[in-house]
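Can you build the whole structure from these sequences, using the hints too?
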Amino acid sequence: MKYLPYVPAVAAVAFGAVLLYLGELDDSPGLGGIGLILIVAAVFFAVRHARKSRRG
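Each residue of the sequence shown is one higher than the one before, counting from 314 in the working numbering.
Bear in mind the hints are in silico, worked out from the structure with no lab data behind them. All C-beta atoms in this analysis are idealised placements derived from N, C-alpha and C, irrespective of residue type, glycine included. Each hint should be verified, as a subset may be incorrect.
Unchecked claim - Taking CB as the label site, the calculated pair distances span:
no.: 1; residue 1: Val320; residue 2: Val353; range: 14 to 22 Å
no.: 2; residue 1: Arg361; residue 2: Met314; range: 33 to 41 Å
no.: 3; residue 1: Ser341; residue 2: Arg364; range: 31 to 39 Å
no.: 4; residue 1: Asp339; residue 2: Arg364; range: 32 to 40 Å
no.: 5; residue 1: Ser341; residue 2: Met314; range: 33 to 41 Å
no.: 6; residue 1: Ser341; residue 2: Lys315; range: 33 to 41 Å
Here is the structure:
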């Protein structure tokens, strides 16, 4: 159960990767950018949560 908070982050990274791939397929920079922003945000919030949970 201690890994449960990271499941949405992993799902968001996977979804962002799909958006990035589809954006490159369709030559759509907007969709690829949204996917990249989603990946970066999910990793940022997962790391932030991990650091906060370690502190106490």
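* To do: Using the beta carbons of Ser341 and Lys315, state whether their distance is inside 33 to 41 Å or not.
  => holds (38 Å)
* Do Val320 and Val353 keep their Cβ atoms within the hinted range of 14 to 22 Å? -> At 18 Å between Cβs, range holds.
* Asked: Within 32 to 40 Å or not, the Cβ separation of Asp339 and Arg364?
  -> holds (37 Å)
* Whether the CB-CB distance between Arg361 and Met314 falls inside 33 to 41 Å -> 20 Å Cβ-Cβ, so the 33 to 41 Å window is violated.
* Confirm or reject the claim that Ser341 and Arg364 have a C-beta distance inside 31 to 39 Å. => holds (35 Å)
* Asked: At the C-beta level, are Ser341 and Met314 separated by a distance inside 33 to 41 Å?
  -> holds (39 Å)
In this structure, the one hint that does not hold is number 2.
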